[in-house]
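Q: Here is how the chains run, residue by residue.
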Amino acid sequence: MADGLAPSPLLPPLEGTDLVSSITGHSAIDELPSGDGRPPLEADRAGTGRLGDRIFGGLATGSGILVLALVTLVGLFLVIQAVPSLLNNEANFLTSREWVPSGAQPRFGIVDLLWATIVTSIIAMFIAVPLGVAVALFITQYAPGWLNKPAATLVDLLAAVPSIVYGFWGLQVAGQYFEPVATVIDRVLGWLPFFEYTGTPSAKSTLAFAGVILAIMILPIVTAISREVFSQVPTAHKEGALALGATKWEMIRTAVIPFGKPGIISAAMLGLGRALGETLAVTLLLSALNTSSAFSFSIFGGGETFASRIANDAGEFDSAQKTGAYIAAGLVLFLLTFIVNAAARVVIERRKAFTE
Amino acid sequence: MSTLSTVDESAPPTTPATPVGDDFGGRSGGRAFRDQLARVVMWTAFVVALIPLVWILGATIVKGGQIIASVDWWSLSQSGITARREGGGAVHAIQGTLIQAAVTALISVPIGVLTAVYLVEYGRGRLAKVVSFMVDILTGIPSIVAGLFIYALWVTTLGFQRIGFAVCLALTMLMIPTVVRSTEEMLKLVPNELREASYALGVPKWKTIMKIVIPTSFSGIVTGVLLGLARVMGETAPLIILGPYTAVIATNLFDGLMPTLPTMIYQNYSENLQPAIDRTWGAALTLILIIFVLNIAGRFIGRFSKVKS
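Sequences listed follow chains F and C, in order. Take any residue in the first sequence, count from 1 to its spot, add 754: that is its number in the working numbering. Take any residue in the second sequence, count from 1 to its spot, add 45: that is its number in the working numbering.
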């Protein structure tokens, strides 16, 4: 039945740039039905009353509610299991650097974890966002026609390499080449406490190198989202800029980038969300600090992120108190990524409202 | 080209040598330079982005190629083989990874597709918005948090053991959002006229969805599922919490530990002995191969899609 319908002439020309009217900039995609808050499909009455409709509609709605319940449960469970441990905690959870989660007087805090998590993620953003935007511009604006799709696929394949393989590769292969980089940065900027490189831990086990590996891992996300918005820039804007005598780069600067800005911001946020929670690559690379070591501001220091601390100690969840401490750390990570992702979502929503 | 250059050479020396094109465009040198510079930067960025991909694949193939090119690798487990010794295979881990992926897909595909159907065909008002928002949040949940959540639920609260099925539950949480999002995209691309034609013939809504909407977007949905599956197969974090490694073949999801390729990598990496390091590269290459095959199969099937994005 469906096969007979397939080559229907009703299919709108969905490929290529014909999609977007060059005069109004209005996209054919806008005509298509959407789930998020737009007017629902017509002919909804087709679904009244029949048993099959009620069952199917119920199943679909039920799945939606299940997803809703799942996220709520994650938050709820983590809170319920973290609270008893937090109440027993003798140290301040938010300001302490200690991590002794078991025993009669558990003392644990997240300062070191938060620092390592944020530093690695920010380094990753500093590298991946400009690079990702440039790659997206290359794919959408510069690449010759035959290279468009293969280029996009190749960058996407970066996301297919498992996190643990990145970590192992960084440790065994790529890490040694970071040593001279760290030395040069130390020589030039070493007078700043952030860039002081003492040689311990070795360069491949530092926050900086973990950030570089994270950058490679979030590059496909940043590229994919930027690519999508850049390809939606109305042809009229681009042609307008070119008609006024702009060079290609000026056209990109005045038409493509302003249009894609909210997309770039949300791409950066989603990349950040991914970097914050990335586990195995960081776990393999970072060398943990000694419990007694002084706090260091240097990006060439060691440390553990939330995720890597949990993964490193996953074999030791033997008491409820101890597990609770790790779950509390996981909860903070969940909240961080929740905030970042929600913010990204808000930016995308505002852009939608603006373009419609 | 050659005729042009001879003309240039024979021209009287008083004629300015500027090409006509630049005069016509009226571009100052600075603007043309910046334009060229931007072009070079973009090309460079693309090449730079490809370096890690080529490098990782190259390193993994060079270091892991030899060990997986043996019959043993595909037919034996690591049973009785210590980290010091060479030999053994990865069949236990490959089996574990495939079984867990299949069960994960079995649970998450119906939920994911139905949620997408809800969002596109039924969803309206506040609930649909909230569900859509929650799918986004689920997309962003770090895999280690998903693992911790299932640990808190399965082990701490319900008192069960760490078994293969618990891993599947954690992976399901990670796979559902990718299935929802990709299916949603595909369903949105099905032209409304097809639905209207079906309704006009008196076909009920559920039948329209089952017989028209989903079949039309079927290969797109399959692509989304395969790409989602490829993503969760490489996940290691929840496995470290919920499914520790074991060196023997174990195919029961509900009893005992279940070895997988990611945990095999993690275990052998931590041994830090040469035979184990070799096996780590072998397991990494095997995992990448499986994931890439799924990825390429997914993209290939997507080509046959009746609706295109």
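I should point out that these hints are in silico values taken from the structure, not numbers from a laboratory. Every residue gets a Cβ at the ideal spot worked out from N, C-alpha and C, and that includes glycine. A couple of the hints might just be wrong.
Unchecked claim - Residues from chain C shown here face chain F by an in silico Cβ test under 7 Å; the list is partial: (1) 156; (2) 282; (3) 342.
As the list claims (entries may be wrong) - BS3-like, lysine-lysine: derived pairs with alpha carbons at most 30 Å apart: (4) C:252 - F:1002; (5) F:992 - C:233; (6) C:252 - F:1015; (7) F:1002 - F:1015; (8) C:174 - C:252; (9) F:1076 - F:992; (10) F:903 - C:252.
Q: Hint check: residue 903 of chain F vs residue 252 of chain C, CA-CA at most 30 Å. Holds or violated?
A: Distance of about 36 Å is beyond 30 Å: violated.
Q: Sort out whether residue 1002 of chain F lies within 30 Å of residue 252 of chain C, counting only the CA atoms.
A: Between residue 252 of chain C and residue 1002 of chain F the Cα gap is close to 51 Å, so the pair fails against 30 Å, i.e. violated.
Q: Within 30 Å, alpha carbon to alpha carbon, are residue 1002 of chain F and residue 1015 of chain F?
A: 18 Å, holds
Q: Need the status of pair residue 252 of chain C, residue 1015 of chain F: alpha-carbon distance at most 30 Å?
A: 42 Å, violated
Q: Per the CB criterion, is residue 282 of chain C less than 7 Å away from chain F?
A: With a minimum Cβ separation of about 4 Å from chain F (threshold 7 Å), the hint on residue 282 of chain C holds.
Q: Are residue 1076 of chain F and residue 992 of chain F close enough, with their CA atoms no more than 30 Å apart?
A: Distance ~58 Å between residue 1076 of chain F and residue 992 of chain F Cα, so the pair is violated.
Q: Should the hint that residue 156 of chain C touches chain F count as held when the rule is a Cβ pair under 7 Å?
A: 5 Å, holds
Q: If you draw a straight line from the CA of residue 174 of chain C to the CA of residue 252 of chain C, is it 30 Å or shorter?
A: 25 Å, holds
Q: Quick one, is the residue 342 of chain C hint okay against chain F at 7 Å, beta carbons?
A: Hint violated; residue 342 of chain C Cβ to chain F Cβ min 12 Å, cut 7 Å.
Q: Starting from residue 992 of chain F, check that the Cα of residue 233 of chain C is at most 30 Å away, please.
A: 27 Å, holds
Consistency note: the structure conflicts with the earlier hints numbered 3, 4, 6, 9 and 10.
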